[in-house]
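The residues making up each chain are set out below.
Number of protein chains: 2
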Amino acid sequence: MESKLVECVPNISEGRDLEKIARIVDVVEAIDGCTVLGVEPDHDYHRTVITFAGEPDAVMNGAVALIEASILELDMRQHKGEHPRMGVVDVCPFVPLRNTTMEECADLARQTVHIVNQRHDVPLFLYGAAASRPERTVLSHLRKGEYEQFQARLSGGDTIHTDHTRMPDLGATEWTETVAKSGGITVGARPILVAYNVNVDERGAKVSKKIGSIVRSSGRLLKSDGGGKVRSRGMLTSVQGMGVPVDELGISQVSMNLLDVDACPLHVAFKTCESLAADHDVSLCGSEVVGLVPLQAMLDAGLFFDPEASDDRTLVTAAMDGLGLNHHHRFDPHEHIIEWALNSEVKP
Amino acid sequence: MESKLVECVPNISEGRDLEKIARIVDVVEAIDGCTVLGVEPDHDYHRTVITFAGEPDAVMNGAVALIEASILELDMRQHKGEHPRMGVVDVCPFVPLRNTTMEECADLARQTVHIVNQRHDVPLFLYGAAASRPERTVLSHLRKGEYEQFQARLSGGDTIHTDHTRMPDLGATEWTETVAKSGGITVGARPILVAYNVNVDERGAKVSKKIGSIVRSSGRLLKSDGGGKVRSRGMLTSVQGMGVPVDELGISQVSMNLLDVDACPLHVAFKTCESLAADHDVSLCGSEVVGLVPLQAMLDAGLFFDPEASDDRTLVTAAMDGLGLNHHHRFDPHEHIIEWALNSEVKP
Numbered sequence: 001m002e003s004k005l006v007e008c009v010p011n012i013s014e015g016r017d018l019e020k021i022a023r024i025v026d027v028v029e030a031i032d033g034c035t036v037l038g039v040e041p042d043h044d045y046h047r048t049v050i051t052f053a054g055e056p057d058a059v060m061n062g063a064v065a066l067i068e069a070s071i072l073e074l075d076m077r078q079h080k081g082e083h084p085r086m087g088v089v090d091v092c093p094f095v096p097l098r099n100t101t102m103e104e105c106a107d108l109a110r111q112t113v114h115i116v117n118q119r120h121d122v123p124l125f126l127y128g129a130a131a132s133r134p135e136r137t138v139l140s141h142l143r144k145g146e147y148e149q150f151q152a153r154l155s156g157g158d159t160i161h162t163d164h165t166r167m168p169d170l171g172a173t174e175w176t177e178t179v180a181k182s183g184g185i186t187v188g189a190r191p192i193l194v195a196y197n198v199n200v201d202e203r204g205a206k207v208s209k210k211i212g213s214i215v216r217s218s219g220r221l222l223k224s225d226g227g228g229k230v231r232s233r234g235m236l237t238s239v240q241g242m243g244v245p246v247d248e249l250g251i252s253q254v255s256m257n258l259l260d261v262d263a264c265p266l267h268v269a270f271k272t273c274e275s276l277a278a279d280h281d282v283s284l285c286g287s288e289v290v291g292l293v294p295l296q297a298m299l300d301a302g303l304f305f306d307p308e309a310s311d312d313r314t315l316v317t318a319a320m321d322g323l324g325l326n327h328h329h330r331f332d333p334h335e336h337i338i339e340w341a342l343n344s345e346v347k348p
Numbered sequence: 001m002e003s004k005l006v007e008c009v010p011n012i013s014e015g016r017d018l019e020k021i022a023r024i025v026d027v028v029e030a031i032d033g034c035t036v037l038g039v040e041p042d043h044d045y046h047r048t049v050i051t052f053a054g055e056p057d058a059v060m061n062g063a064v065a066l067i068e069a070s071i072l073e074l075d076m077r078q079h080k081g082e083h084p085r086m087g088v089v090d091v092c093p094f095v096p097l098r099n100t101t102m103e104e105c106a107d108l109a110r111q112t113v114h115i116v117n118q119r120h121d122v123p124l125f126l127y128g129a130a131a132s133r134p135e136r137t138v139l140s141h142l143r144k145g146e147y148e149q150f151q152a153r154l155s156g157g158d159t160i161h162t163d164h165t166r167m168p169d170l171g172a173t174e175w176t177e178t179v180a181k182s183g184g185i186t187v188g189a190r191p192i193l194v195a196y197n198v199n200v201d202e203r204g205a206k207v208s209k210k211i212g213s214i215v216r217s218s219g220r221l222l223k224s225d226g227g228g229k230v231r232s233r234g235m236l237t238s239v240q241g242m243g244v245p246v247d248e249l250g251i252s253q254v255s256m257n258l259l260d261v262d263a264c265p266l267h268v269a270f271k272t273c274e275s276l277a278a279d280h281d282v283s284l285c286g287s288e289v290v291g292l293v294p295l296q297a298m299l300d301a302g303l304f305f306d307p308e309a310s311d312d313r314t315l316v317t318a319a320m321d322g323l324g325l326n327h328h329h330r331f332d333p334h335e336h337i338i339e340w341a342l343n344s345e346v347k348p
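These protein sequence lines map, in sequence, to chains H and G.
Numbering of the first sequence is given in the working numbering, commencing with residue 1 and proceeding in unit increments.
Numbering of the second sequence is given in the working numbering, commencing with residue 1 and proceeding in unit increments.
Just so you know, these hints were derived from the structure itself, not from any lab.
Among the hints, erroneous ones may be present.
[Said to hold, decoys possible] Cut-off 30 angstroms, straight-line C-alpha distance, at most; resulting in silico cross-link-like pairs (DSBU-like, lysine-lysine):
1. G:206 x H:209
2. H:223 x G:209
3. H:206 x G:209
4. G:229 x H:209
5. H:206 x G:223
6. H:209 x G:223
7. G:206 x H:229
8. G:206 x H:206
Assemble the whole structure, with the sequences as input and the hints as a guide.
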């Protein structure tokens, strides 16, 4: 059996100072068995998404090192960005990739906060599959009030939180200089997420906005004049999505997060958008995988576009062609497919 | 607690000879406690949908009487119509309406075929919640090959059926004169079904066909050039639907069966179609309830359109207005709402 493989995708609250970001990434690179697969700083969000993978223990050591480096390097008192956040490592999910279970990843999250807690007196939260109770599963619920209301939240002041979500799972429960600097740090476990955008051949985003609200799993909000509200569901399962203009390319995109790529494969998302665009006499012009995608998702898409194909390379090519991954964007399978990226990285 | 209430909706294979139909309906009317709520013959289908309701035992006696009368009156050897069918009573479902469970209705179906079997040597099938195994749940699966291939099916000839669906649950297993006349009779239990059509203000059915394939639960079939096939799901739960032109009114309809009106209430179906029609700059012009609807479904819709309303009458009026049930069609709550129709019928 192939070795166990876990991914970790921390989001740190620094998207502008590239030297600081590099120093934080370096400590992960230095951990034996940790392979950094992606570093994506966003200036407006003032936030960087870092992706690394490896065997479970190595990845956990990488996560601990990253959190410690972020506590050292970053200061929430200086931080303003467009993305909601509560602390220097705003979220740090472990993701099962191969031969590991969600429960193993939840254990890694619990061990991570345990180790961090022995060394730093900061507020530590667990979310996702590692959550200590159902109300604490969703990150955006735990993060309500953000950094700005965190002092009141810890100090027993006015807060929008109930007793079930207010306090950290572990670590500091009082407002100190250390806590003011770190904010709250949230670690957890979740299934793999594929960021996938379908290109719609239109200027503006009139059609892609319509498609986005038809395909996203939460569907459309329906209101009556009398104030009644109800939702339909969307055509795709476990998908967040919305239509956005992409002015520099003169197109729009249906921008999606595939939260469960088994439940909604790439080709189902693509072909559903294609079918809905055709309702408006509009064509697609390829699609874009942002970041990493599991090999199996590419093989599944390849088999849909070329049911005769059998070997991995032919299937991946069929998927790239069928989804038009190089139409407006660039898809290098050795960078974007997790398993292949790992092999490329670890060879030298 | 109010009395138990069960509905029975047999479909008989006679849609043209109104005297024969009347004689069959009469035997149901004659059963003490059975109230006939609807008789809808269809000439092209050569099929009539009969709806009656009452307490469980009365309704079961009504079903037995109807099946016996149909065996006597009808002859499958003469029958040609557009609707698929296998026997004189093509399907006879019991539906739990009030203070009864699906399992009680499945028991009524089993008792019904047991009694019929004591008096007539005809092939009897059980379906839906009364099915004897999962492969036999869906009527259209049991009915495959229809009347025309029924002799071969019983006689061990060529058949598309597996051993799991080929033979009746009870009764005749050989081809006789009686069986040639009756065909196969299928009895079962299913949840209540609401036939609901939303009116789209367009000639032809260009937009309503698009909406139909977005809202129906089975969604759209997506194909690749290479021959791959996959389905998305639809925006509505437990709904069959399609777009059809209604030339005599100069409109089209999204014609739906709401198979579980709790999972997809009337107002959700209506507002979802409205939202999707607006994507194409097309308006709705009311909607149509065909046959009967449970009071609760109307109250739920009423509360959506008028959250301030409290009494049943105001809520029903709000639902009728909000859904536009009298825009192109006619909705009399004392005929269309099951509970009110029963009260109107049983009073005199």
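Now for the hints, and whether the structure bears them out:
1. At most 30 angstroms may separate the alpha-carbon atoms for a hinted pair to count; residue 206 of chain G and residue 209 of chain H meet this at roughly 21 angstroms.
2. Taking the CA atoms of residue 223 of chain H and residue 209 of chain G, the gap is near 24 angstroms; set against the 30 angstroms cutoff, the hint holds.
3. A C-alpha spacing of about 21 angstroms is found between residue 206 of chain H and residue 209 of chain G, which places the hinted pair at or below 30 angstroms, so the restraint holds.
4. At roughly 26 angstroms between alpha-carbon atoms, residue 229 of chain G and residue 209 of chain H fall within 30 angstroms of each other, so this suggested pair holds.
5. In summary, the hint linking residue 206 of chain H to residue 223 of chain G is supported, as the alpha carbons are separated by about 25 angstroms, within the 30 angstroms threshold.
6. Between residue 209 of chain H and residue 223 of chain G, the direct Cα distance comes to roughly 24 angstroms. Compliance with the 30 angstroms bound is thereby established for this hinted pair.
7. Of the pairs offered as hints, the one joining residue 206 of chain G and residue 229 of chain H holds, with about 29 angstroms between alpha carbons and a cut-off of 30 angstroms not exceeded.
8. Of the pairs offered as hints, the one joining residue 206 of chain G and residue 206 of chain H holds, with about 20 angstroms between alpha carbons and a cut-off of 30 angstroms not exceeded.
The structure meets every hint from the earlier list without exception.
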